[in-house]
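*Asks:* With our numbering as the guide, the letters of the sequence shown map in order to residues 1 to 151.
Since the hints were made in silico from the structure, they are not lab data. Warning: the hint list may mix true and false statements.
Stated by the list, open to error - Calculated pairs, EDC-like style, for lysine to aspartate or glutamate (alpha carbon to alpha carbon, straight line, at most 20 Å): (1) Lys149 to Glu22; (2) Lys87 to Asp97; (3) Lys149 to Glu31; (4) Lys87 to Glu65; (5) Lys2 to Glu134; (6) Lys2 to Asp82.
Unchecked claim - Have a look at the derived ranges for each label pair, beta carbon to beta carbon: (7) Gly68 to Ser16: 20 to 26 Å; (8) Pro44 to Glu72: 33 to 39 Å; (9) Met1 to Pro105: 35 to 41 Å; (10) Gly15 to Lys149: 17 to 23 Å; (11) Asp27 to His150: 31 to 37 Å; (12) Pro71 to Pro121: 32 to 38 Å; (13) Gly68 to His116: 34 to 40 Å; (14) Leu145 to Ala38: 30 to 36 Å; (15) Thr75 to Ile41: 20 to 26 Å; (16) Met1 to Val148: 16 to 22 Å; (17) Ala118 to His28: 24 to 30 Å; (18) Ser147 to Glu31: 16 to 22 Å.
Given the structure is predicted, the values throughout are model-derived calculations rather than measurements. We treat Cβ as the ideally placed atom computed from N, Cα and C, and that holds for glycine.
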Amino acid sequence: MKLWVLRHGEAVPHGSRPHDSERELTDHGREEVLRSAALLIGQPLTAIYASPYLRAQQTAQLVREALGFEPEIRTVDWLTPDTDPDKVAEQMVAVSDVLLVSHNPLVGNLLSYLQHGAGHPPERISTAGLAELEGSELLVGSMRLNSVKHP
Numbered sequence: 001m002k003l004w005v006l007r008h009g010e011a012v013p014h015g016s017r018p019h020d021s022e023r024e025l026t027d028h029g030r031e032e033v034l035r036s037a038a039l040l041i042g043q044p045l046t047a048i049y050a051s052p053y054l055r056a057q058q059t060a061q062l063v064r065e066a067l068g069f070e071p072e073i074r075t076v077d078w079l080t081p082d083t084d085p086d087k088v089a090e091q092m093v094a095v096s097d098v099l100l101v102s103h104n105p106l107v108g109n110l111l112s113y114l115q116h117g118a119g120h121p122p123e124r125i126s127t128a129g130l131a132e133l134e135g136s137e138l139l140v141g142s143m144r145l146n147s148v149k150h151p
């Protein structure tokens, strides 16, 4: 199974909106996302899961449109920035070949957790950074990081 994890594109600065969840992508952020989306062309995606935060929703929608992906985006609360990686892993038990669109610190923590288990430093990933992991099944500490691409 493969798992792709995409951090949202560049967003307007902290404090520019009343709530962090309302921050939208900048024009540069949209361009970043489209460059990362191009890397997913031809991949066997079965679903796109995204945080409910606006910038993640915009990122997921841009990817969906760029790929011509028919299914709706699955909006889930367990992809918000401060979610524990183990909660995400629990949700991913019965799925394969999916894209997760989320935020740091979750993205960096999740990538590390899936490769090494708990207690390891997070992976560094820039805005619109796309990671590809692979394994026979999603087991904590047993996934292989195939690549991390930054737009």
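*Asks:* With reference to the structure, classify each hint as holding or not holding.
*Replies:* To see whether the hints hold, each was checked on the structure:
no. : hint                        : in the structure
1   : Lys149 to Glu22             : 26 Å, violated
2   : Lys87 to Asp97              : 18 Å, holds
3   : Lys149 to Glu31             : 15 Å, holds
4   : Lys87 to Glu65              : 28 Å, violated
5   : Lys2 to Glu134              : 4 Å, holds
6   : Lys2 to Asp82               : 24 Å, violated
7   : Gly68 to Ser16: 20 to 26 Å  : 32 Å, violated
8   : Pro44 to Glu72: 33 to 39 Å  : 18 Å, violated
9   : Met1 to Pro105: 35 to 41 Å  : 24 Å, violated
10  : Gly15 to Lys149: 17 to 23 Å : 30 Å, violated
11  : Asp27 to His150: 31 to 37 Å : 18 Å, violated
12  : Pro71 to Pro121: 32 to 38 Å : 34 Å, holds
13  : Gly68 to His116: 34 to 40 Å : 35 Å, holds
14  : Leu145 to Ala38: 30 to 36 Å : 20 Å, violated
15  : Thr75 to Ile41: 20 to 26 Å  : 23 Å, holds
16  : Met1 to Val148: 16 to 22 Å  : 18 Å, holds
17  : Ala118 to His28: 24 to 30 Å : 35 Å, violated
18  : Ser147 to Glu31: 16 to 22 Å : 20 Å, holds
Violated hints for the displayed structure, listed by number in ascending order: 1, 4, 6, 7, 8, 9, 10, 11, 14, 17.
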